[in-house]
Each structure stands twice: as C-alpha cells, then as structure tokens.
Amino acid sequence: MAAIEVERHRGRLAALAIAVVVIAVGVPLWWKTTETYRAWLPVTQINQLAQLQLQLSVEVEVVFSRGTLTAEHQKKIDPTHTRLEEHPVDETTVLSYRYETRYRTATIMEEDALNQPTAAETDESLHLLSESPCGSVVIYVVPESTTLLPEGVSVYVGQRRTALLRAGRPMRVGVGLKEVLAHLETQVQQVLKVMSFSHSDITAALSDRVRLDYSSREGLADSMRAFKSSPGYEITFSLLNPDPKSHHLHWDIEAAVQSYIQPLLSKLAPVADFSLDSQILYYAVLGVNPRFDPSLNAYTLNADSLSHVINPVEARLGSSAASSNPVLNFLLYVPDARHSPLYITDHRKYTVVSNAFSSPRWGGIMVYNVNGTELPVHINIDMTRVMGVFLAQLRLMLGVQSSTPPPGFLVGPCGPAGLADWELDRLLWSRSVENVATATTTITSLAQLLDQIGNIVINDNIAEQVSAAVASLQLAVGQLEAGNLGLALQYSKEAILHSERAFFDPSLLHLLYFPDDQKFAIYIPLFLPMCVPILLSLLKMAAEARQRRRERQDKKE
Amino acid sequence: MGDQFQEELVIRPLHSGDIYASFQFRTMWDTDFLRGSKVSHYRLFPKSLGQVISKFSVRELHISFTQGYWRTMQWGQPFLPSPPGAELWVWFQDTVTDVDGAWKELTNVLSGIFCASLNFIDSTNTVQPSASFKPLGLGNVTDQRFLRYAVLPREIVCTENLTPWKKLLPCGSKAGLAVLMKSEKLFHSSFHSQALHFRPVCQDWKCKSTVWELRQTLNVVFDLHTSGQGKREWSLFKMFSRTLTEACPLASSSKVYVDVTDNPQGELFELSPTTPLLSQAVVLGDRRTYSVYDLTNQATFGQTRSLNMLLRWRAAERDMLRPLLHGERYVAGYGLQTGEIHTLMYNNHPYRAFPVLLLDTVPWYLRLYIHTLTVTSKGRDNKPSYIHYQPSKDRLRPHLLEMLVQLPPNSVTEVTMQFERALLKWTEYTPDPNHGFYVGSSVISALVPSVVAMDTNSTRECPLFSSFFPCKEESSYFMRVYTEPLLVNLPTPDFSMPYNVICLTCTVVAVGYGSLYNLLTRTFQVEEPSPGLAKRLANIIRRLRGVPLL
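Quick note, the sequences are listed as chains A and B, same order.
So in the numbering used here, spot 57 of the first sequence is number 131, and the numbers just go up one at a time.
So in the numbering used here, spot 512 of the second sequence is number 516, and the numbers just go up one at a time.
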C-alpha cells in the first residue's frame, strides 16, 4: 500500500512539474515569439494633446499722439494691460486669446511721421521708423481734429501692421482715464478683429477637430473655398485652345507671372512653398455645350451648368505626378469660333463682368473671347486682364480673406505685392491654428488606431516621427502662447509633416489584419491535447488536496 | 520659342503579306530645366512628363511597352527594336547623388503616368550595363553609375497604357496622324510596341545649344490572315478603321511614307493614290525608297478630302533577304533542379565578321554556374574579348553578363551556361507560379556591316567612281536585337502545405507528449487478474454447497 502511495505522490509531482514548466517556460516563450514589434509611443503626451488648450497671444501697442491724452492722464496711465478671453469650443478644445496692450506716447519722430499730409504717406513713414514683429499690431491714436482721416472714417488700416485711430469724443478734458481707456478698448478690439484674427476665423481653422455648425450657407461656402493648409502648393496656369487650326494664340505667361504672381508668392513664402508652371492644351473642350442666347447674340454658360464644365478638362490637365502637394488650376479658355462670344451668366441670368468663375479648392476658369472674322487669326492675349482675375481667385484659394471691414474703417490700398502685412498675419494665425489642429487629430487618431489594432507593427522610424510630431506640436503651441507667430507656423508645419509621414507610412499596412479566430484554429491541434491533461490532473490534484484537508479537519474534530 | 512638333507614319509592306506601320512623333523642348528654377512653362511638351524629368534630373529616358515578339526572320529589322514586355533605361544627370533613390521614385511615378506595373522594378531586376546601353543623345557621360536598366518581360500592354501615351501628344488623338490610333484595331495585331525616348539633341547644325527631344513611337504589325479578310490588300481604313483628313495644325511637318523599294515598277503591289514625291534614305544599312504623302499640303487629300491609301498585292509571297544579325534563346535540360540557357547568334553576312555585345540579365533565382560558360562558333571555341560579369545576390540583385564576341561570317555562335533553380520563400512566388517565371530578353548590340556595301556587283545604276571603296558613310550601322524572353519553371510547392504541416506537426507532438505525460504521471499497481468464468461458476456452486472457495 505504501509503495502505491509513493508512486501516486511521484505522479502528482511529475504532473505538477510539467504544469510548472509549461506555464513558466512554454507560455512566455510562445508569447515572446509571436509578439509583434511595437516601438514605444509617447501616449501620455498624445492624450494631453487631445485636450487642446490653445492660447493665442497678440502684442498690441497703443501710441497716443500729441493732443489725445492730457498730461495728467499720461502720468496715471498703466503702461501695460493684459486682457484674457476664453472661449471653450467643445469639450476637448479650449481657445483663449491674450491681448497684451502697451500704452505709450508717440516719440518725436513718430509725431513727425503723423504730420504727413495723407494717411498712406503716414503709414509708409511710420513703417520706416520701426519694424513691428510678425503678429503684433501698432495703433496710433490721433486727435479727433486730424486731417489724416477723411470725414466719417475713424480707423485707417495701413499696408503694414499699423492702424490710425481717431480719438473719440470722450477724450476731452474732464473725463476720467478709465472712461477714456474703456472707450478706446472697444475700438481697439474692432481693429484687432480686422488686423489679426477674429474668433470666427480661428474656429473655422479648427474645422478638422471640431464639428462646426454653420449658421449661414455663406460661411460654409467661405470655409470650403480656400485650400486646406499644406506645406506646398503647385500653381498651374493652363491655356485651353479648343481650335488651334483657326486660333493661333500667344500668351506671354513668363512676364505675366513675373510681374503679377511672383510678388504675391514671395510675400507668402513663409506660409508655404509654391511652384509655378504653365501649359497650353490644344483641343481641350469644356464639358458643357454653351447655349445660344438671342437677346445677347452670344453663347452663355449658366451658373448651374458650371459644375459640369471641369471634368473633361481635368483629365487633360495632367495631375502632378512629381509631388503630392495640392494643385491650384487656373484655366484660360478661348472658345472656338463657332461658340464665341461666350459669356458666363449668374443665377439671375446676368452676365458676369469678369467672365470667370472659381471652383472651391480646385481653381478658377476664365473665358477669354476673341473676335476675328478671318480665320486663322493670331491673337496676343491681354495678360493684364487675365492676371487681374486670376490674382483675385488665387487670393481666395489661398485663404486671404477680404472680409468687409466694419463701418468707419478705411483699408489702405495694398502695395505692389497685393497683400498687406496684416493680411499675411491673419493668414498666418489661421494657418498655424489649422496646422496644429490637423496635426493633433492626425496624431491622436493614429495613436487610437494603433491602440485598437494590436497586430500592427510599429517600427522605430514611426515612433520617431510621432515623437518629432508631438515635440513640434508642443513647441508650436508654446510659440503661439508666447506670441511668436513666425516660429509657431514653422513648428506647426513641421508637426504636420511628421504626423502625415507617420500616418501614411507603408509599413503600418503590413499584416494589418491577422484575425484571432484563424490564429487559434492553427494553434488548437497543439494546444488542446497539451493543455487538457495538464488541466485535468491539476483539477484532480486540487480535489484530492481539498479532500485531504477535510479528512484532517474531521480527524481534529 | 524653340518648341517644335513633327509627326510621321512609315508603312512597310512585309514579304509575308503582313504590313508594318510605324508612327513617330517628335516634340522638341527648348528649355533649361537643369537650372532648377521653380517656374516652368510648357507649350508643346507635355507638362506631366516635363515635371518628372526635371524633378529627377533625367538626362535620357527610354521606355517601351511591347506586346508580342518581333519576328526578325519573317519581317526583317524593325526601325526601333524593343523587347516583349516593358523596358526602361535611364541616364541620370551627373549631379544626382542618390541614383538608386531617384530610380526607385522615378519608376513609381512613371508607373502612375503610364498605368503600368513599372513599380515592380526594384533592385532585383535593375542592372547597370557597362557597355551595351550608351547615351543616344548629346553628351559624353559614360559613367555607368548614372545608368539604370530594367526589363519586365511579364508586363502586358493594353489600352490603358495607350491612352496616357496618346495624351502626351500636343494634338492628342483629335487631329493629325494620331486619329488613326484606335485601340481596338491597334491591339488586334501580331505585334504592338509603343515607346518613348527622351534625350538631349543639338538645336542646329552648329550645335551651340541643346534642346530636349521627346520621340514617341508606336510600331504595329497587322496580320494579313486575321485582319485582311482573305483579300490580299491593305488600306488605311482597313488597318485603323479611320482615314486621314488633316495634319495636326501644330506640326511643322506631317508626312506618311510608304516603302516602295522592292516595287519600282509596281510589280509587287499597287499603291493608290500615287504620289509624285519620292524620298531615298539609308535605313538600317539598306538604301530604301519611299513614296511620300505630305499632309500639310491640301492637294494630298484630293477631292474626297481624305487620304485612304490602298495597297493591293500583285505577286505572291517572296523570299526576303535574310537579316544579317539575328538572335535566339531557349532553355534546355529536364527536371526542376538544373538547366542550361542557350543563346544563338546568327551572322548571315557572307564574308564579313563583326563583333557583337551580348547583354544577359538573369534573375537571382536562377543561379548561374559561370564556369560552365562556353562560346562556340562553327564547332570551335570562340573566346570573348571582353567579359563583364556581376554575380547575383539573393533577393538583392540579378546576374549581369556582358560579353564582346566576334561573330565569324556566315555562322551561328552559341553561348551556353548552366544554372540551378533556387527554391523561393513561399511569399516570393508570383500569382499563378505554375505558369513559370520570365527571364528578360538578351540584348545583342552590334555595328553591322551595311548591305549597301555588300552588293558590289549591283545591277543598279550608280556611278562607278562612287562604288570602289566599300567604306561609305553607311558602311556599317548600329543595330540592336532582342531575343525571346525565357519562361522557366521553378520548383513550386503546394501552397496549402504550411497549414497541413502545422497541423500534422502539432498532432505528432501532441500524441508524443500525451503518451509521455501518461507515462510520467500515471501510477501503476499490480492487480490480481479476475478469475475466469469457469472458476467463478465453480465458486458459486461451492458457496452453495458450503465448501471453501477455490
């Protein structure tokens, strides 16, 4: 009997040893060998970014010229003043604007500049005195009786980052400093909305993160028109000549680009890289047959049919195979002799003056009628007319908003570049916010995806890109807070670049789906016969141990 | 404004009764894209291609897509030879630092432009030939580090490749000769090849400045029996189901040539409408005569305002002069372990020997035994004067073999080499692996002595003073011959095997493990065997009787 008991004990020990070996060696081995490589990702930082708290800081300088502030006020005035606005957009995004206002009186040189005869000249000479950094605004308060501003105009917005503000009525003697500043404050607010950013611009830029409710159709159309922020754009001018046999067209695109487009693009260089090209397409026709309108004695394209115009042309345009940047197309269409003159009519059947239309996030088309009775004709295209239209369209496509200023504002004529400094600033503000928003959504959705699908291999280079994107995002947010607009945009561009590179890395696609049921179907022939005896003997041992304990307890009792 | 566009079509009636039509479109691009400015303007040159060329700093680009094999022995020499499948060779500018990276990106971009699987070009099928592919344009760069050559013999060419190719023409397929290119006719043919050649050329005869030339060619051979409907006649309409009505208005010259060399008096075929214009040219070492139809001249189109050339055969098939250089290739051997590649090179010249350059690229999964390389002609060993061999690396690069071999007159030279077939990993097999694996054509490049110099006892009228020395300007000409691609079977496993193996192994392991486990954990005890039936019955009886049990 004892021998049998010894034998049983040995069997139990053997089963236990096998179970220990399987659990201690086999399971970790299997786990280790079938594991996918997943590099470390900065998950906590990404989760922090998902809660986006953007603070935009604007430096405002309010300069009082002679005669706008009494000496007593000058002494009492607090040189700096900070105002904080907070706008929660949704549960994960909070926007706050910080306006750091500095008050000072004008220097003698500035006083001289303010004595120029016209506002434009003043603006120019003020600019020569000091260069204000990107993103900041300088407001000169001029006396109410000034001759710089025409009657009824209270604010003049210059070409640079300066504005002239007519001192209001309450600035007369005997009024407390508080009221003076309070009145000034509302006006400064308005100026800033025009010159740096308004809340609606910034929320529109956040459209990648936040689902917006567009109260008006117009607002939606505006936000859809401009291209999404991208590190580069390709601008293509195409001349469509459907009838090269009768129309010999010549366009001096080189010179036109040099004198009209290039200045604007060099001004926009901090926003993105632009590359320009032009081409001539022969036998390219529009997708719609124009209708003859006897009242105009011309062919017309209705606004409703314009949406069908582009498709057949698009196939010939030649998508840019060499880069992945979005392409802005500007087409100049010269209708053939049988369909000219051709006019574009709007919804109310009036002909459009520019004879051009634009397609949101795609580009613009202009119809250029030629009249030649004798065919073939040689035509030199009037590039000034064409480029005027294309330039306006280009501004729209790039998101340079020409919002109508509030009443009492006068916007100075823009210089040779076609873009004032403050317009560039507006663009930079919304572009940096948009970039930050896009990059955060890309990174967070990538992290979410990787978290959900455990089979995806995360290589080191992806982890590097993600970390770089997170680092640049943090830097960009920090620079926005510090008010360094130029640096913020640069970092946000880098963040976009890194995040896209990580998101679209081809190595993420390998073995994206390796379903668990099939995996276990393969394992079962091995696992089932191995684990069942172990489990059974473990259960048996446990039962025996329990019984023995009960017996021992019985004995004690 | 140096951009120019020319178009032409050459029609050559072949001796077999088939007909060979060759389109060439030439676009000159007067630009200096090498300066790297970000602004570029395109007039006649296609923008999509121009952007690619300037982005990747390409010096020369030659790409061809071919369906079918050019039968040299039946059809003679083509104007532009091309191997079956897709072929791409590119010379990069010497300013390119990362040539491999540029090549990889370029192939991907080109595959997008031409809707072809050029993206399958990688290091395993790319070589850098040292001598066979020299730049065809201006410039003296011969450093092969900037050259990349790849062939995809498996590529199938169809309409989706033709459409983007046509889009590169300034007139598209709307006017000019390109209206003839209807894909349902072009692909219903024995041979179809479309190609694109980009290279720098001289702007004028002084060659002070260079312009970039884009030559788009399309060669097609129509089969008499499948599309001739029994009658021995050809017309433009019958070939292309279109006729010509106008030249492309942008073309500075637009011409159709018909080869009438063998038909001076119209004894072989009848051509209508007739044209007074004749042109002579030395093509591939042979003096040929062509009837020329100038499409820029309204008179060409006649009363009907359309040109539909009709070519009616009069004589039956005739033998043609055998091409001087010809190549063949096949795989010999049996079984799935080893084999032998045979390459045959024919020199049909009656008395002149000439050297040829043979280029062979063999994928790594055929492991060449280079020591078994033999070159024999006329039963004797023929030692190559130059051999450049680059062994393969598994999954990295193919074998490259280049040899300069002298071909004796009127002989066949045979190059043989043994190889072993490698076993691939199961993910490396192509879809349908039992079809076999393609090995690209060998390329034979040679300067071939001219036929013009050959006929010294010519019956042709030509001045005696011009024909004494054989070394005329056309005494030899460059020729490239592509052999057939090879189709090699590799040992192919049963692809459901891994799962079966896993199941079987697991079962074996489980059975072994189970018995071992039983042995180790079960307790064994001796048990009295139970008494037999007789004994038990006896015991029952004994119990009843009260006698002690057994």
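Check the hints yourself; a few may be wrong.
To be verified - BS3-like, lysine-lysine: derived pairs with alpha carbons at most 25 angstroms apart:
{"no.": "1", "chain 1": "B", "residue 1": "K429", "chain 2": "A", "residue 2": "K593"}
{"no.": "2", "chain 1": "A", "residue 1": "K106", "chain 2": "B", "residue 2": "K429"}
{"no.": "3", "chain 1": "B", "residue 1": "K186", "chain 2": "A", "residue 2": "K319"}
Read the hints as simulated data drawn from the structure, not as lab findings.
Index of numbered hints that the structure contradicts, given in increasing order: none
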